[in-house]
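Engineer: The listed protein sequences correspond, in order, to chains E and S. If you count the first sequence from 1, position 46 lands on 112 in our numbering, and the numbers rise without skipping. If you count the second sequence from 1, position 135 lands on 903 in our numbering, and the numbers rise without skipping.
Derived by calculation from the structure, the hints in this document are not laboratory data. All values derive from a computational prediction rather than experimental measurement. Accuracy of the hints is not assured; some may be wrong.
[Unchecked claim] Beyond 10 Å from chain S on every Cβ pair, some chain E residues (computed):
1) Leu131
2) Ile179
3) Glu217
4) Ala223
[As the list claims (entries may be wrong)] With the Cβ distance kept under 10 Å, some of the chain E side facing chain S (calculated, not the full set):
5) Tyr91
6) Ile93
7) Ala184
8) Ile240
9) Asp289
10) Val299
[What the hints assert, rightly or not] Pairwise CB distance ranges (calculated):
11) Trp264/E x Leu786/S: 29 to 39 Å
12) Gln861/S x Gly304/E: 26 to 36 Å
13) Gly205/E x Ser892/S: 50 to 60 Å
14) Arg250/E x Leu780/S: 18 to 28 Å
15) Arg825/S x Val143/E: 35 to 45 Å
16) Pro982/S x Leu94/E: 18 to 28 Å
17) Pro812/S x Leu94/E: 51 to 61 Å
The beta-carbon is built from N, C-alpha and C at its ideal position, and this holds for glycine as well.
Chain by chain, the residues:
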Amino acid sequence: MIKSGDPALRFLAPSFLFVAAFSLYPILDSFRLSLYRMILTLPWLGQKFVGLENYQDLLTDPVALQSLMTSITFVAVTTPLEVLLGLGMALVLNESFRGRGWLRAVVLVPWAIPTVVASQMWRFLFNDRYGLFNYVLFGSATDRYWAPLAEPGLALAAIMAADVWKTSSFAALIILAGLQGIPRELYEAASIDGASAWRKFRHITLPLVKPALLLALLFRTIDALKVFDLVFVMTQGGPADTTNVLQFYGYKKSFAEGMIGYGSAIAVAVFLLSLILSLFYIRLLGARLLAQERGA
Amino acid sequence: MKKIIIPAGVLLMAVFSLVPFLWFVLTSWKSASEISAIPPVLWPSFHWQHYQAAIERHGLLRYIANSAIVAGATTVVSIALAALAAYALARFQLRWARYYLLLLLALSMFPQIAIAGPVWRLLSGLGWLNTYHGIIAAYIALSLPFATWVLTTFFKELPYDIEEAALIDGCTRWQVLRLVVLPVAAPGVFTAAILVFIHAWNEFFFALIILTYPAVQTLPVGIALFPGEYTMPWGEIAAASTIATLPLVALTLIFQRRIVQGLSAGAVKG
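In isolation and in its complexed conformation, chain S is listed as follows (with noise of 0.2 Å):
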């Protein structure tokens, strides 16, 4: 019987997981009498118009530019600053280290809502609305409690040995660090980098609070903010989402493994 069961089950887990996403990708190569057709035309006729008429008129590069600029920061400074806590958590046989992440995962817990005025205040207050480091700083906050919890998790599991041995023999704990630890640990560094990365590049409900000008608009806003006067531009969508997404995927099919272990020492080995 499992010789039906699986083959049964990978292949809808396929269909799943794939088809309503590639259907949408197919629309975006799809004139608008394709798009409108009923019956649906499964394969298109291959226009890039969509994608013109989003880089043209809707300035898709832009949003691209403000996502990478903002993803790619974020995910820059969080983990450089999730490494230094977690380093300390992990080593320093602090007898507050466990208080301190069960709170960070408190943290990461919370709804947006609860801290979004404020935060919207304090953005305000600063004059950093609409800017970079305003949202970027945002981000750093959302995102370390996260990284410095799977950070810790990867560090815990390094043996200590060759950090003792460096200790005994004269390196600081930062020199530790930076010289025994982080290159041993660089496959781990890189995973919580990912997944940091993926959830800067994705995250809708800040950004929308806090980037009212399209100029600074990362690409989540830009698309749900779609302007479609009478029609919804279905195409264009389409193709915005196709961009936005593709680098995404793109990362996970190649580190899906990484990915995998990383969710699982945020979530599971606690």
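Extracted from the complex, chain E is given alone in its bound form (with noise of 0.2 Å):
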């Protein structure tokens, strides 16, 4: 049905030029050097051809399966605290009050600033010696204050805490848009029935706002599988690779010691991690575009 001169060819060609150059090409490529061995550092050795090797070393690093947990907890640990937070701020939101246009405005201060200010600003809450966190838990006894960010134990949780920080609003939009399509009607026939807010929440809220808790939760699924600007600038990955995240681990491989090769097997086990991911996500958008266009 497409004819060459077809208009939609026009229209669509120009952008659809620069996804394919620099998304689906690059997916692509990543699969095909996933099968050689290539050293950016050491460039005389070339591109050998080495089958499935970069995977059978991927299953056998053992810093490449501690990313893996770090990664899935992570997404485990903040994806549903942002989605709680997000419940919380969305029903406020979503009642009327006075200056309610401001405080939407303000939630999204943390969304807007820049992923890298955050990461610093964080890291300075953090800081040993003079940080507002040991201030806060230890009064001016300075001889207790340590730093979270060099504790194995504790590093990832502070930039789980950065992340909740920074991206809890976000889900708080999707959810206040669930909110917002709830019919008034139903809390009014509610209330002549005597049914009580915990009541009204649970029978009525709960059940229509569920897609968009659904929605907002897999989104942040996705997004925070690709967590690096906070690991990049807190931690490094550090310390004993306890917040070596997946994406920081490929970052590390094939950028800092240049192994494209064995960098590009892990770019594509996150890529297929991140796929069975999004196809939930698509199946559940697709359904609704299906019926949006049949509705239409």
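Now that you have both chains on their own, put them together as the hints suggest.
Structural biologist: So this is what it looks like as structure tokens:
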């Protein structure tokens, strides 16, 4: 049905060329490169085809497996927290009170701050000598101050806290849109029947906002899997690789160590992981898109 | 009970959202001894020395100029290309339009590392590493899926009858887009532009791998790689961070209604 000279082609081709060159082709190329041994710092070795060797190495690489666990932990802890906090914020923003527009703008501030800036900010707050975090915990007892970002058990928690601060407002916006779609009459009817605030929340709000909650959860999951800036600035993957999330590990192998082949194998693994998650998401959104088109 | 919960929630949310960053902003005006004081000094003595040092010693103005060029060019080009594509996807009754949109959606979700190596090699092969057009080309490709998706949503919501009348009067599709759709959809286009600009201004991963010369680096790279010899120059980092964030916070506070609308068009309405 696409004929050459079809106006659709002329409208779509310019943007498609960019997307093809800088997104589609690179994904395929990552698959290809993952089958080669290629080290940027040793260019005279050239590109050597090694088959699945990089993947074999990946499965027996303890740091890679630790990275996977770190990423999964990061996603599993931050996303439910962000959705819960987001729900709380959305419930407040959905009420009518003076200054609601102002509050909605204020809540967006962490979202608008560059992640690198937020990372430096939290690094400063967690500083071991004069960070506000230490002062809040120990007051002026400076001998008890310690560096959470240098503690294997705590560095990841600190990064998670920064992520929750930065991204909960985004979850709140998605959930707020869901809340605003709930018809007021339902609450009015429930009030006439004498339902308590809790029962209204439990039996009207929660079931009807569930799709939005799910959407926020998936959105945050996919995004949390990409966490990089916070790790790069706050810990560089340390201490002892405890914050070395997948995307950071892939970056380190590919660019800091120049191991393009092995780095590509990590890239493909991360890609497949997020593809599985995206498929859930696309099914959800895709179903809506189809329903919308049938309705239109 | 609501009378207590709502104001308490409002207060908590304002404190949670603003206080950590305000603390960092205040730090930028403190002297070195105020920054390291225990107990902390709440109110700074308003020194501008860190701003001066960030500008004179660390080239802050150059980072700002680079970020403005990169984010500005990315926004203009990707919105123009996305408007073309979105118009076709919203109005041409293409049977595969929704599959194309889902492909774009999928692309926007992949982690950067999945394409980083090949993008780097591609730009390296073209000799485009450490150039404005290199990073801008990559950013355009990265922002097109989102921009196309949002604009398609906005275009679909416009009433079709004016366009139909213009088509019957003999306008070409291109004329309809330029003379009828874009003027009507201007608020939506502007919304998409703000979001693309914010994203390009904040992007770090690709800027880090593509821009290794300080002369072309953008603000996030400059701030992340802020050099500290023995102790971190927190005052200067805070000063640079404040300047990097100011335009975004201003945009957000002024256009929050549009931003919320744009984000939910991208995420929720589908």
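Engineer: Each hint needs a verdict: does it hold in this structure or not?
Structural biologist: Structure-based check of each hint:
For Leu131/E, the shortest C-beta to C-beta distance to chain S comes to about 17 Å, beyond the 10 Å cut-off, and the non-interface label holds. With a minimum CB-CB distance of about 5 Å to chain S, Ile179/E fails to clear the 10 Å threshold, and the non-interface call is violated. No Cβ of chain S approaches the Cβ of Glu217/E within 10 Å, the least distance being about 18 Å, so the stated non-interface status holds. The claim that Ala223/E is not at the interface with chain S holds, since no C-beta of that chain comes within 10 Å of its own (minimum 16 Å).
Because the beta carbon of Tyr91/E sits about 7 Å from the nearest beta carbon in chain S, less than 10 Å, this interface hint is met. Annotation: interface hint on Ile93/E holds; nearest CB of chain S at approximately 6 Å, less than 10 Å. Interface hint at Ala184/E: satisfied, since its Cβ lies 8 Å from the closest Cβ of chain S, which is below the 10 Å cut-off. With 10 Å as the threshold, the beta carbon of Ile240/E comes within range of chain S, its nearest partner Cβ sitting at about 5 Å, so the hint holds.
Given the 10 Å rule on beta carbons, the hint for Asp289/E holds: about 9 Å separates it from the nearest Cβ of chain S. The interface hint given for Val299/E is met, as the beta carbon of that residue sits about 5 Å from the closest beta carbon of chain S, less than 10 Å. At roughly 30 Å, the beta carbons of Trp264/E and Leu786/S sit within the given window of 29 to 39 Å. For Gln861/S and Gly304/E, the Cβ-Cβ distance of about 55 Å falls outside the hinted range of 26 to 36 Å, so the restraint is violated.
For Gly205/E and Ser892/S, the hinted distance range of 50 to 60 Å is satisfied, since their beta carbons lie about 53 Å from each other. The hinted window of 18 to 28 Å between Arg250/E and Leu780/S holds, with their beta carbons roughly 26 Å apart. Roughly 39 Å separates the CB atoms of Arg825/S and Val143/E, a value that falls within the hinted 35 to 45 Å. For the hinted restraint 18 to 28 Å between Pro982/S and Leu94/E, the CB-CB distance of approximately 33 Å leaves it violated.
Take Pro812/S and Leu94/E: their Cβ atoms lie about 53 Å apart, and the range 51 to 61 Å holds.
Of the numbered hints given earlier, the model fails hints 2, 12, 16; all others are met.
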